[in-house]
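Line order of the protein sequences matches chains A and B.
Residue numbers for the first sequence follow this note's numbering, so the first one is 1 and each next one is one higher.
Residue numbers for the second sequence follow this note's numbering, so the first one is 1001 and each next one is one higher.
Keep in mind that a hint or two might mislead.
To be verified - Distance ranges between label pairs, derived from CB positions:
{"id": "1", "chain 1": "B", "residue 1": "G1062", "chain 2": "A", "residue 2": "V101", "range": "18 to 28 Å"}
{"id": "2", "chain 1": "A", "residue 1": "S1", "chain 2": "B", "residue 2": "S1084", "range": "13 to 23 Å"}
{"id": "3", "chain 1": "B", "residue 1": "Y1039", "chain 2": "A", "residue 2": "Q38", "range": "15 to 25 Å"}
{"id": "4", "chain 1": "A", "residue 1": "T17", "chain 2": "B", "residue 2": "I1068", "range": "44 to 54 Å"}
{"id": "5", "chain 1": "B", "residue 1": "S1014", "chain 2": "A", "residue 2": "P71", "range": "50 to 60 Å"}
{"id": "6", "chain 1": "A", "residue 1": "Q38", "chain 2": "B", "residue 2": "G1096", "range": "36 to 46 Å"}
{"id": "7", "chain 1": "A", "residue 1": "Q22", "chain 2": "B", "residue 2": "I1068", "range": "33 to 43 Å"}
{"id": "8", "chain 1": "A", "residue 1": "P67", "chain 2": "B", "residue 2": "S1003", "range": "26 to 36 Å"}
{"id": "9", "chain 1": "B", "residue 1": "G1029", "chain 2": "A", "residue 2": "S27", "range": "25 to 35 Å"}
{"id": "10", "chain 1": "B", "residue 1": "R1077", "chain 2": "A", "residue 2": "P71", "range": "22 to 32 Å"}
{"id": "11", "chain 1": "A", "residue 1": "S1", "chain 2": "B", "residue 2": "S1111", "range": "28 to 38 Å"}
{"id": "12", "chain 1": "B", "residue 1": "E1066", "chain 2": "A", "residue 2": "T17", "range": "44 to 54 Å"}
Since the hints were derived computationally from the structure, they do not count as laboratory data.
The C-beta atom is built at its ideal place from N, Cα and C for all residues, glycine as well.
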Amino acid sequence: SAVISQKPSRDICQRGTSLTIQCQVDSQVTMMFWYRQQPGQSLTLIATANQGSEATYESGFVIDKFPISRPNLTFSTLTVSNMSPEDSSIYLCSVASGANVLTFGAGSRLTVL
Amino acid sequence: AQSVSQHNHHVILSEAASLELGCNYSYGGTVNLFWYVQYPGQHLQLLLKYFSGDPLVKGIKGFEAEFIKSKFSFNLRKPSVQWSDTAEYFCAVTHGTALIFGKGTTLSVSS
Chain A
1 SAVISQKPSR DICQRGTSLT IQCQVDSQVT MMFWYRQQPG QSLTLIATAN QGSEATYESG
61 FVIDKFPISR PNLTFSTLTV SNMSPEDSSI YLCSVASGAN VLTFGAGSRL TVL
Chain B
1001 AQSVSQHNHH VILSEAASLE LGCNYSYGGT VNLFWYVQYP GQHLQLLLKY FSGDPLVKGI
1061 KGFEAEFIKS KFSFNLRKPS VQWSDTAEYF CAVTHGTALI FGKGTTLSVS S
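Using the sequences plus the hints, can you model the full thing?
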């Protein structure tokens, strides 16, 4: 299965600032997915990112808050904009390794003060 | 909208006890079902999956799950747990090309 690297692994940010999380995959993939895992909770799908097209956002998530780039088949970024403490979470990048089987990165743990 | 329910939030067992974690999903059509595990400090890993065929699927580390279509369920089982099974377990169902996850069950196994 694919190997996913995320940067940063963790960060502490101030309220009102923005942070961009990078996701690098060791093989070309069509779809990449961004999830959020809030403290003590499950994974929530933020958006699906296809190369060459706009990301598709799930209900409750908007492009202005979570802009996503997908410049090629091995890379994507997720930006968390105008952060508030409620955005403190682990953000996970994942890719499909075979039909619907998702492989996950280690995640980026974000703390907003 | 598709949803996944995991009935047990936190399960505490002694080593060698049997385990069953409940999972129900809401969609009545064709779905693919998964159990993922997250060991302390590690990535999410696939434990097992069901796509079609034999409703009893076997995964890694002695885990198995049974798909019961009439009950919209996909319960995870293990006959005898070990201390190393201490982890968070997530049930998931297909949502287009992505997955939707349940809230997770924390399993604590005491030796």
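Legend entry - Structure versus earlier hints - violations, ascending order: 6, 10
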